[in-house]
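What follows is each chain in one-letter form.
2 protein chains.
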Amino acid sequence: MASHDNAKAVAESYVDVLIVGAGPAGVMCANALVHAGVTVRIVDKRLEGISAGQADGLQPRTLEILQSYGLADQLFNEGAHVHRVANYEPTPDGGLKRIRLSAASTAPNARWTFGVGMSQGRVEEIFLASMQKKGLAVERATVPTSLKMSGQADGLEDPGSYVNTVVLQKVGGHNATEVVHAKFVLGSDGAHSWVRKALGIGAEGTMTNSVWGVVDLLPDTDMPDIRNLTYVHSSEGTLFTIPRERDLVRLYVPQANDSEVIDPATGRADKNRSSAEKVLAQARKLIYPYRMEVKDNQIDWWTIYIVGQRVADRYSVHDRALIAGDACHTHSPKAGQGMNAALGDSHNLAWKLAYVLKGWAKMLLLRTYESERQKFARDLIEFDKQWSKLFMANSLSSEDRDDASKKLFIEMMNKFSGFTSGIGIRYSPSTIVNPQYQTSASNLIVGERMIPQMFICAADGRPVEIHDMLPADSRFKLLVFGGDIAVPGDLERLREATSATERPESFLSRYGRAGAVFDVLYFSSGKQANITYADFPQFYGTHWKKAFLDDVELSGRFGGGGYEKYGIDPHVGAMVIIRPDGYVGMVAPLSLHGVEDITTNFDGFLL
Amino acid sequence: MASHDNAKAVAESYVDVLIVGAGPAGVMCANALVHAGVTVRIVDKRLEGISAGQADGLQPRTLEILQSYGLADQLFNEGAHVHRVANYEPTPDGGLKRIRLSAASTAPNARWTFGVGMSQGRVEEIFLASMQKKGLAVERATVPTSLKMSGQADGLEDPGSYVNTVVLQKVGGHNATEVVHAKFVLGSDGAHSWVRKALGIGAEGTMTNSVWGVVDLLPDTDMPDIRNLTYVHSSEGTLFTIPRERDLVRLYVPQANDSEVIDPATGRADKNRSSAEKVLAQARKLIYPYRMEVKDNQIDWWTIYIVGQRVADRYSVHDRALIAGDACHTHSPKAGQGMNAALGDSHNLAWKLAYVLKGWAKMLLLRTYESERQKFARDLIEFDKQWSKLFMANSLSSEDRDDASKKLFIEMMNKFSGFTSGIGIRYSPSTIVNPQYQTSASNLIVGERMIPQMFICAADGRPVEIHDMLPADSRFKLLVFGGDIAVPGDLERLREATSATERPESFLSRYGRAGAVFDVLYFSSGKQANITYADFPQFYGTHWKKAFLDDVELSGRFGGGGYEKYGIDPHVGAMVIIRPDGYVGMVAPLSLHGVEDITTNFDGFLL
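Chains as they are written, first to last, in the working numbering: chain A, 1 to 607; chain B, 1 to 607.
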């Protein structure tokens with residue numbers, strides 16, 4: 001890289017992407033980019049990673065996402081599995097009674113029907129270990145002190161130009177600075193994001209009057225549902241509890257609006273005005289007559305805060321300096337979304353950045369980051385408001401509630417579960433979400449994540465979860481549902497569509513880049529008794545592991561019914577495009593026409 | 001340790017167990033012992049671990065065993081999963097036709113309904129890595145040159161005495177020797193076991209006239225079932241193929257009895273009289289009209305050998321020097337048992353050695369190693385003989401076979417699958433296999449391995465496979481099936497049995513050693529809607545993860561029907577003793593009487 005004529009020697013460097021902030025959004029993005037072959041640096045103001053507290057829960061969709069990076073095993077092994085929600089209501093004699101036990105996640109097609117309780121610090125460590133394998137580590141005790149975006153309009157349109165100039169400084173006594181020239185900058189530096197402010201991005205919304213105390217502890221309790229998610233409405237108020245790794249539990253204890261914990265001068269919650277013991281004492285009152293003591297004096301963490309419900313006006317400046325995670329949105333803890341929304345942001349952004357940087361996609365691809373994720377954040381906050389209101393105001397069994405209100409609460413509980421599982425997220429139509437042929441696979445909703453299903457590997461009869469064939473490896477997946485290849489008509493249609501993809505003008509030929517951009521998988525509706533792997537047309541010289549049957553495995557335990565589940569007629573077939581992030585980008589008829597329209601769609605954003 | 005008056009200074013050392021031979025049986029035993037806290041050394045004559053060839057398949061029960069040591073993940077990730085068996089027969093026009101596709105494992109209650117194809121060397125590496133975590137490595141290029149057992153009868157009865165004196169020597173130029181004094185010696189040094197010979201143990205049986213050529217290769221073939229286990233009866237003869245890791249395939253090609261590969265002088269197979277190319281040429285004839293070429297010139301390994309069907313007369317001398325694996329038994333490859341039987345031997349032996357060495361069990365416990373494993377080996381060879389005869393002589397579709405013979409073949413195929421899955425192994429009644437109350441859990445056959453089943457954790461609603469609660473951690477497991485604790489009568493019976501176990505004279509008090517010998521798990525037949533974790537009697541102050549319900553998980557995907565599957569009447573209940581190796585040792589009524597009889601049983605072999 002060229003050195004510049006500076007009066008003073010200043011360290012100067014160049015990087016594709018500079019990430020500011022090594023929380024969940026930051027390490028998620030850094031890990032995804034470095035594995036996609038992008039040059040990344042990631043800095044964080046803290047001297048060390050956090051060891052306790054902060055965000056604490058991973059929802060079913062987030063588990064699927066982490067699995068797609070090969071990073072879910074440790075979560076499953078170490079985290080608390082949250083399968084159930086228990087609702088408690090007061091009894092006339094001053095006690096508490098469990099009045100409802102229900103599934104924590106009701107999303108019908110989640111691969112995992114539970115959430116995982118695990119502290120943010122441990123989740124970050126999983127990403128750090130994965131980044132480390134590619135030689136990337138967080139540069140700690142490092143903060144940006146200046147961020148400038150140069151370049152004319154055409155420079156901004158060239159992803160290869162270093163339009164961002166960031167000055168980094170070490171925290172502490174030294175005044176050592178470094179000037180980093182970055183093609184892209186990502187601000188994943190939290191609710192009080194320095195990057196967001198430096199970019200002049202505002203955040204819509206307000207601080208609520210919802211004040212919370214939080215304690216992480218090792219409980220000694222006779223509360224029967226302490227290993228479940230609980231909502232306790234007692235006569236003294238409301239609290240909720242979430243199980244965590246290592247037998248820990250987190251207590252969320254609402255504080256009165258006029259609470260003494262608010263500093264009247266600033267209007268902000270002041271930790272000095274409370275203590276773990278005070279929050280715990282409040283919790284004890286709410287959970288009475290159950291005991292809530294601390295085992296082995298183990299209080300891992302505590303805090304107190306006012307919930308802000310805000311969404312950033314924009315998610316980037318010119319798509320060259322972007323923000324993600326809490327820098328974009330904050331909301332109440334009851335939705336259990338903080339870390340999940342942050343990870344979802346970066347998962348959405350990383351492959352787009354990689355495509356643009358590699359010269360595979362047009363800059364306009366990055367526009368979809370904001371359009372997809374900002375809408376989600378707004379929906380989330382709208383939901384959070386409704387839910388918070390109901391949550392605080394109502395009690396399921398209280399005599400003064402009418403039936404309609406009770407019914408609404410239950411409905412909201414279910415909606416809550418579906419919504420916050422992350423499974424139901426649907427991205428709106430855009431250049432990368434094309435629902436024009438939705439009927440070709442009527443249940444694979446374009447814009448939603450792929451529905452999990454077991455298929456049988458045609459070559460060896462092994463049952464394989466389709467999600468495991470859709471890793472976050474930066475590739476689009478073309479799923480060819482060719483019907484029953486033992487049926488002549490079906491095979492003919494498959495041949496037609498396949499030979500169309502082999503033409504030089506097809507998307508596969510034009511944008512495939514020798515397998516770097518597309519992976520192709522076949523799914524026949526035929527049965528293993530009739531079809532062998534050798535019966536599949538070897539059009540692309542594909543590996544034997546990529547041809548599947550929609551059949552039941554010989555033990556009878558797995559598979560079958562995939563075409564029906566997906567709403568694909570086996571005698572018509574379909575082609576399904578899965579985005580690198582696992583979302584359905586397009587479905588199309590299995591025909592020359594379908595291939596042409598898929599090609600037109602990719603023409604819109606690939607190079 | 002005392003040093004001896006030697007004329008010459010000779011290195012001298014002491015160890016609890018000296019293992020000779022680092023094949024599957026040796027590393028399995030070494031790993032189990034070192035994790036149980038026993039001092040072990042393991043030596044092997046080879047300079048390096050093997051990298052290719054040798055044994056190649058792990059059966060469903062072996063997968064369960066490896067899982068119980070926490071060592072199965074790598075197998076599942078790397079190995080070929082063998083779900084299916086395909087039978088081919090000749091067609092009148094000189095071709096081949098698949099006439100049957102069936103499940104590779106038909107054991108109805110296997111946790112995994114497939115085998116794993118993976119080379120012996122990779123399997124050994126898994127154990128080596130696990131041993132390494134405890135600081136144990138194989139001492140290579142080291143052989144015993146002398147083995148003497150001293151000690152009077154009473155010395156032999158004292159597991160603490162170093163009755164074995166072994167001289168070890170480094171292979172190669174040096175003449176350095178070491179004298180090792182070992183309490184126990186294990187010879188896991190293969191079919192031509194030096195230890196077996198040094199102990200003067202004979203091997204019953206004979207060499208067969210069954211001669212095999214074997215090639216491991218990366219195939220380039222249009223054989224449709226190459227990723228399945230195949231038995232190909234062609235007009236030219238018979239061969240079978242087994243898929244392996246890394247897309248490899250092994251071909252087993254029988255050689256004519258009067259084959260030129262036999263050295264007439266010795267009567268043994270002579271590798272110099274054949275070659276990989278020769279065996280491959282034979283295979284090509286048998287598999288015609290399918291092609292069988294080698295991709296990338298990748299022939300990993302090949303060999304040629306005569307099958308010996310032999311079982312050692314004894315498995316030990318005075319239970320102080322023992323043998324395991326191929327040193328005890330050899331048989332044909334078709335049963336796919338070599339590595340599995342070897343691993344099974346050591347799995348059976350290791351916990352018994354640990355108990356005796358720790359002073360927890362009487363020496364007579366070790367007697368059951370031979371009685372259990374020798375009988376298994378004899379059954380295996382008897383089966384192998386029958387099967388080999390049928391396999392070589394018969395063809396399913398040939399015109400000259402009568403229906404009875406065809407039916408027998410199919411029956412044998414099924415028996416084969418059930419038998420060689422390892423799931424059906426039943427150890428005979430002994431001091432550690434007590435079927436006196438079999439009716440208390442009529443389907444949990446005493447002497448067989450525990451039947452897998454999902455139960456629901458009472459505290460958090462998580463579905464848990466019972467096998468995962470029965471790790472190979474050297475502990476017996478007491479499973480208390482207490483019926484529905486919401487039903488007063490059931491709860492009373494549970495209380496009675498539980499208070500009986502709390503008496504000082506009970507097995508739990510007498511032999512429990514503060515949790516080192518017994519782990520206790522509760523299984524209620526009640527439903528999660530009615531029962532919370534807090535309803536379980538906290539008799540033993542057990543952890544919340546150890547109380548279960550026989551119920552369906554809230555998503556409806558897992559669990560339920562466990563009592564029925566196990567043949568336990570919920571209104572009667574049962575206590576089940578699982579041995580440290582996962583086999584059912586005893587079932588008993590849930591009563592004072594039951595506890596007394598379990599105690600009597602443990603009196604028989606624990607100290």
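Think of the hints as simulated: they come from the structure by calculation, not from any bench.
Take the hints with a grain of salt, since some may be wrong.
Since the list gives no way to pick one copy over another, a pair counts as held whenever it fits inside one copy or between any two copies.
The calculated BS3-like cross-link candidates involving lysine-lysine, where the alpha carbons are at most 30 Å apart (straight line), are [as the list claims (entries may be wrong)]: (1) Lys546 - Lys197; (2) Lys97 - Lys295; (3) Lys385 - Lys134; (4) Lys407 - Lys527; (5) Lys197 - Lys385; (6) Lys527 - Lys97; (7) Lys133 - Lys97.
Tell me the hint numbers this structure goes against, listed in increasing order.
As far as the earlier hints go, 1, 3 and 7 are violated by this structure, in ascending order.
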